[in-house]
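Engineer: So the protein lines, in turn, are chains A and B.
Just so we're aligned, residue 1 is where the first sequence starts under the numbering used here, counting upward by one.
Just so we're aligned, residue 1001 is where the second sequence starts under the numbering used here, counting upward by one.
These are computed hints drawn from the structure, not numbers from a lab.
The C-beta atom is built at its ideal place from N, Cα and C for all residues, glycine as well.
Treat the hints loosely; a few may be bogus.
Beta-carbon label-pair distances, calculated as ranges [unchecked claim]:
no.	chain 1	residue 1	chain 2	residue 2	range
1	A	MET120	B	GLY1152	28 to 38 Å
2	B	ASP1081	A	MET120	41 to 51 Å
3	B	GLU1004	A	ARG122	43 to 53 Å
4	B	SER1153	A	VAL67	26 to 36 Å
5	B	MET1033	A	GLN117	33 to 43 Å
6	A	ARG47	B	HIS1003	35 to 45 Å
7	A	GLU49	B	PRO1044	45 to 55 Å
8	B	ALA1117	A	LYS31	11 to 21 Å
9	B	GLU1122	A	GLU49	31 to 41 Å
One-sided excerpt, in silico: chain B residues whose CB lies under 7 Å from chain A [to be verified]:
no.	residue
10	VAL1023
11	VAL1026
12	ILE1131
13	PRO1132
Calculated cross-link-like contacts (lysine-lysine; reagent style DSS-like; alpha-carbon spacing at most 30 Å) [stated by the list, open to error]:
no.	chain 1	residue 1	chain 2	residue 2
14	B	LYS1112	A	LYS98
15	A	LYS55	A	LYS31
16	A	LYS76	B	LYS1043
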Amino acid sequence: MNSLRILIVDDSPAMRAYVRRTVQLASLPVKNVFEAGNGVEALEIVRKENRDPNKLDLIFADLNMPVMNGEEFVQKLREDERDANVPVLIISTDATQKRVTRLRELGAQGYISKPCQPEMIRLKVQQLLGEEPVAV
Amino acid sequence: MTHELQERNEVMAAELVGAARDVLNVMFFTDIMEEGDDCACEKPFPLQVRVRFSGDQVGEFRMEVDDVAAGSMAGSFLGTDQVNSPSGEEVDQVMGELGNMICGAFLSRFEKEGLFALSAPEVVRPADGAIPGVHRGLELMEGYMDLRVLWGSVSG
């Protein structure tokens, strides 16, 4: 696996720190970590950091955020062809079947329900980046 | 209280404790040692987290913790040690996230087919005002926690 450029989108600084640390604990090779507190900030980072020759490899996103939530973010992200293929992995406490189905329809490729262990994050990342079959 | 309502409340209390146990075990490296209608702890608690939910059902979740539990869990979550213990602001942020996670996990267990929106967690110091509804007092490996869910309405 090449060194990754990842974006973590969560309104909770504590949760962003947790995901960052969990990615390290999962021994995933990371080159750059960008952080955003909501969907609007995340789109700004995507427009700046997901352009040739440097593309983002993966986005971790929360659902419940102020200004622009995770669903709206995924929807907006998919409107621009240049960003349509960046894998989005949703990490949220809301694990109801309706929500997971809705996220899949919007274009999120992966879903992890909190609480989550580092091993689960590592497995999902490997799946999304092509090392294993993808399953939301 | 009708028999049906009593049964529903018992299931709700069990799912509330189950949700808390899952979150605490997996992300905070702690566990529930005792549970009951109340805990042998000093009140009022110094910290309270409030999360409201809406969607297929409205309601409110409240979590109260003592300083021992809050400091210990925040340290575990952030991976800090005793020398670099988390700041007060970090403790509040982590407790807000913990409340959000337990509330979300509870809703996913209790209403598997439901669709909910959760408010941003509100951290209140010290704990202020009790709400009616289902309630469990928990003794953790370090410190105490109190959980409440008001189902079908929100506090004024």
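Engineer: Look at each hint and say if it fits the structure.
Structural biologist: Evaluation of the provided hints:
no. : hint                             : in the structure
1   : A:MET120 - B:GLY1152: 28 to 38 Å : holds, 34 Å
2   : B:ASP1081 - A:MET120: 41 to 51 Å : violated, 25 Å
3   : B:GLU1004 - A:ARG122: 43 to 53 Å : holds, 45 Å
4   : B:SER1153 - A:VAL67: 26 to 36 Å  : holds, 28 Å
5   : B:MET1033 - A:GLN117: 33 to 43 Å : violated, 22 Å
6   : A:ARG47 - B:HIS1003: 35 to 45 Å  : violated, 58 Å
7   : A:GLU49 - B:PRO1044: 45 to 55 Å  : holds, 46 Å
8   : B:ALA1117 - A:LYS31: 11 to 21 Å  : violated, 35 Å
9   : B:GLU1122 - A:GLU49: 31 to 41 Å  : holds, 33 Å
10  : VAL1023                          : holds, 5 Å
11  : VAL1026                          : holds, 4 Å
12  : ILE1131                          : violated, 20 Å
13  : PRO1132                          : violated, 24 Å
14  : B:LYS1112 - A:LYS98              : holds, 9 Å
15  : A:LYS55 - A:LYS31                : holds, 12 Å
16  : A:LYS76 - B:LYS1043              : violated, 47 Å
Hints 2, 5, 6, 8, 12, 13 and 16 from the list above are not met by this structure, while the remaining hints are.
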